[in-house]
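A.B. asks: Chain residues, written in single-letter form:
There are 2 protein chains.
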Amino acid sequence: MDLKKLENLAKLVRYYILISTTAAGSGHPTSSLSATDLMVALMFGGFFKADINNPENPNNDRLIFSKGHASPLFYSLYAAAGKVSENELKTLRKFGSKLEGHPTMEFPYTEAGTGSLGQGLSIGVGMALNAKMDKSDYKTYVLMGDSEIAEGSVWEAAEIATHYQLNNLVGIIDVNRLGQRGETLLGHDLKIYQKRFEAFGWKTWVIDGHNLKEIVKTFLEVENDKSDLPKIIIAKTLKGKGISFIEDKDGWHGKALKPEELSKALEELGTVEKLAGEVVSPGIKYQVLSSKPKNKKLNTQYLIPNTYSKGEVVATRKAYGNVLLKLVKENPKVVVLDAEVSNSTMSETVKKEFPERFYEMFIAEQNMVGAALGFSRRGKIPFASTFAAFFSRAFDQIRMSQYAKPNIKFVGSHAGVSIGEDGASQMALEDIAMFRTLLNCVVLYPGDAVSAEKLTSLAASHFGNVYIRTTRAEAPVIYDNGEEFKIGGLKVHKSRITNHESRIVVIGAGITLHEALKAQQELAEANIGFDVVDLYSVKPISDELEKIAKESEAVITVEDHFEEGGIGESVKTALAGIDTPIHSLAVRKMPKSGKPAELLSYEEIDARSIIEKVRELTNE
Amino acid sequence: MDLKKLENLAKLVRYYILISTTAAGSGHPTSSLSATDLMVALMFGGFFKADINNPENPNNDRLIFSKGHASPLFYSLYAAAGKVSENELKTLRKFGSKLEGHPTMEFPYTEAGTGSLGQGLSIGVGMALNAKMDKSDYKTYVLMGDSEIAEGSVWEAAEIATHYQLNNLVGIIDVNRLGQRGETLLGHDLKIYQKRFEAFGWKTWVIDGHNLKEIVKTFLEVENDKSDLPKIIIAKTLKGKGISFIEDKDGWHGKALKPEELSKALEELGTVEKLAGEVVSPGIKYQVLSSKPKNKKLNTQYLIPNTYSKGEVVATRKAYGNVLLKLVKENPKVVVLDAEVSNSTMSETVKKEFPERFYEMFIAEQNMVGAALGFSRRGKIPFASTFAAFFSRAFDQIRMSQYAKPNIKFVGSHAGVSIGEDGASQMALEDIAMFRTLLNCVVLYPGDAVSAEKLTSLAASHFGNVYIRTTRAEAPVIYDNGEEFKIGGLKVHKSRITNHESRIVVIGAGITLHEALKAQQELAEANIGFDVVDLYSVKPISDELEKIAKESEAVITVEDHFEEGGIGESVKTALAGIDTPIHSLAVRKMPKSGKPAELLSYEEIDARSIIEKVRELTNE
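Quick mapping for you: the protein sequence lines, in order, are chains X and C.
This note's numbering applies: residue 1 is where the first sequence begins, and numbers increase by one.
This note's numbering applies: residue 1 is where the second sequence begins, and numbers increase by one.
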């Protein structure tokens, strides 16, 4: 090991950090400088093994910058490796640059967009699980700040990493003592970090994060460790290390040096040699899984569905479990994660038949979503399920996933007041609003078993985030097994009263579709006709809806969800260009325990409420 | 201590649990039975001290059922205490009953609605901090299940409890080994729980949770402990304890006994004595803070604001910090919590002048929100602030707070793409959607310093959850210091072109209000007039808006937020009854780093985009 070269590379990286942030006029040089020696040793000390010309090479080790604000360091490492020019470094944080304020997918070496702290270790858990699954020996490194260790999500990742014996996962904590506004929770008390990680089952190293010899020795030990334990390096560092007037000083978080300060700093740094840092190649260690399903004839999109009989009562979550099992059988890239409720979400079908493709993530939803993102970034198609209400626990992870070219299938069961007796805490009434906010996220809400299967199958073959909302209660099958569905589609159920000229159209989905159909049938007996739309694709919404609404005098939406951000508002946005009035029935009162029918009635989203609204609008 | 009586009370409580759940036909008897001995000893062993006839007595100890699914135990304890009749117990989970599936505020002894696991300890942290602040010696007990210890939020609560030396906080873990679908992460390995809590700085007791003598001895030790440490009792228990055919058996989660099974169970239980459990009274230990502000003349609603000059540039977050300091001075009930970014949210004004009213909650947003709820439940008015984006980290806690008669003021700074260079991870673009979903939550979005102050002051005097969205960038003051604002209000800024007959109205808020005003001014020069509405109260929306829209030919909304669930959709819902077309400008493209103006332009929510839209609609 040429320590002198590492030292010079560290100096070069510090130079790049300083000049790029001063050019940007903002950014986090001090948080970058503290982790410089650690990262230089990792990258250029022969430990991090990657085909640097092909970041997507599946044999590459992975490096996640959980402390995303240290992006100047991240970019500078690749500058030292010859992949970013000094000129490009000076575009840091500028509009149109690949070098954004926090790492994004614009930069080809970014594993996942970071910047919301405490999420990287979970993404690392997903990548490390993926390596185990693929029997690959790539390692996953996660650089964390000390402030972010306060986030509970870190401890979720820690406990699950231990559970799955992820000895291929290496965390590095840059304990620079200073947070944004002063000292961190634990300051420089490295022993407490160590005690906590040890209690969570990790192998720990406490080191001086600026002593290159010690750092190199530690990475060697980590590399040679034969235990089953995940590993963490807890490094004592100084914020702003290397520049006397900012080193270990409060008040220097997220501040670039002014030009005159930069000159002073560079003077201190001394002569910088423009060395080329070398990253060791991984060699070809394993072949990535083929992207093609095992059975060539079976593309998941055209998976042979289970067969259901019309009128048969089947919960959509049950149908989800049925088709999930088939997807796992047919496509080796499909993996399943669940937050300790697989017997409710019905992902237990996979758990029972293909335990090696099922990951029990226990009641720790944040880590489940982070791990799903990790799997997705390594080419898998993760289905992550829990009660729909509990995805709110991971909203920040879900939000951040949209900035990481994600391909996660979120499946939320037990949505809405129709879950009944368990009461408000278990009723997702904001899940559609939450998932709708995500850029390009598909939101599906099947009403019966046939559509649930078809839509789940479509979700698997669609690249991107998809949310599928399933229902606890059983519902009659209303579609033929041969019926076709599509993302951005809808189904029209015409009234048997044919001369009604579609004056009113009622839009439902999931449980309320059945309430709408009941109302349709009942009013048909009174010779009042209206069409029902099954809006199973809530996002994107079918263009056809506008045509249907144009031909109608009124639209009624009905949903088992709060009004805000739900189906009614989706429809209002989709129909903003036309002037057909839209009336919305939605959950508006404090939900209670009770029978599903009682609650649908109480919230005025049942067949009777639809009938009343239609009668009010038709004056009949 | 009469152990025999406690034993008989435990038997009675088990009887109540069994009969109530069988009457309900659902519920969680086994998860209730495991914690019965622990809770009977706590309540009736003289440890839990409360004026049982007045649950709001501020001297009462507090008991939070974090494992909310053990609600049958919770209700049965109060039945044994004579506060719930056997007949009422049989209304469990029925529509209209106070005894809901998970504890809600309908039941007078509920401290906070629970049922989303892992949240109780944070609420306990808030209540324990409150006791310290008020120099009261009430204790806060939190009953947790073992499955929920996997939630990261528990560890956030644990680390903060240690930081604040909450020796008045007592956690009890009912380690019954079995989760919903099988064994928990740690099973019956109590030593691991102990090791982890000790590493997080807690004093621990590992006990047999069915040995009343040992339990009583432990509560005595807890009571007499003089250390500064928060305390946790880790109790080995059996799910379904006391009934042989369900005890420690998998497959019995969330299942009531069938009537014939109940008979068998009651036979096993033997004769049950209808004893009266006695809860020790706390006596009068301290006087709760007066609800009146110190200075009678100053009601917070009419707080003398700071003065600003029109045209002066002041960030709304700065104005927030200014008024927050006054609120803290004037109203002893106002407390401030911040997630390690007080120098950005500007709550540091309080930190500097009133450190005893400021709680640094570090980067652990879930616990911050839980603790804020705890404060709020004990009568305080907590202002909890962080970057708006990071409230998504606590969405589940925020969601659950709506079921707890909350009074939290959430203040999110750095909202929208206008934050600039830091990039997408730091831009809240879904915060309005998130807070809008909450029942009765007020959503405020001030556009200048004067309105920011007035609205913050109004938020303090309004009972209920309020979200205030502040902006990073500076903006000119546009209102007179004497201007009045109200929850559910708006302001109209008329064009100086008076003959335009209000054909178009542009609705903005926060940063986009200024873009709209710029566009208004620029188009006025071209003799095109339109009115601008400052929709500072996004929820509720002023009734006046409908009148304004009715008199207009088109409405344009413009917001620094994703379209879904944002201001545009709020307006669409508010204006659903009228047929004026609504056009929405919102964030639709993948956000980037860049200068604020570049990003507003890129997302087409700047003055130029408004001008283009107005010109398109007016064909001028």
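Certain hints may be false.
Identical copies look the same in the list; a pair holds intra-copy or inter-copy alike.
Within a straight-line C-alpha distance of at most 35 Å, the following computed DSBU-like cross-link-like pairs (lysine-lysine) qualify [what the hints assert, rightly or not]:
#, residue 1, residue 2
1, Lys-226, Lys-90
2, Lys-405, Lys-213
3, Lys-486, Lys-5
4, Lys-318, Lys-195
5, Lys-195, Lys-217
6, Lys-94, Lys-518
7, Lys-11, Lys-352
Calculated directly from the structure, the hints in this document are not laboratory data.
A.B. asks: Each hint should be assessed against the structure and marked as holding or not.
C.D. replies: Hints, verified against the model:
1. Lys-226 with Lys-90: neither (43 Å within a copy, 58 Å between copies)
2. Lys-405 with Lys-213: Neither. Shortest intra-copy (38 Å) and inter-copy (58 Å) distances fail the 35 Å Cα cut-off.
3. Lys-486 with Lys-5: neither (57 Å within a copy, 65 Å between copies)
4. Lys-318 with Lys-195: neither (44 Å within a copy, 40 Å between copies)
5. Lys-195 with Lys-217: The answer is both: 22 Å in one copy and 29 Å across copies each meet 35 Å.
6. Lys-94 with Lys-518: between (57 Å within a copy, 25 Å between copies)
7. Lys-11 with Lys-352: neither (54 Å within a copy, 38 Å between copies)
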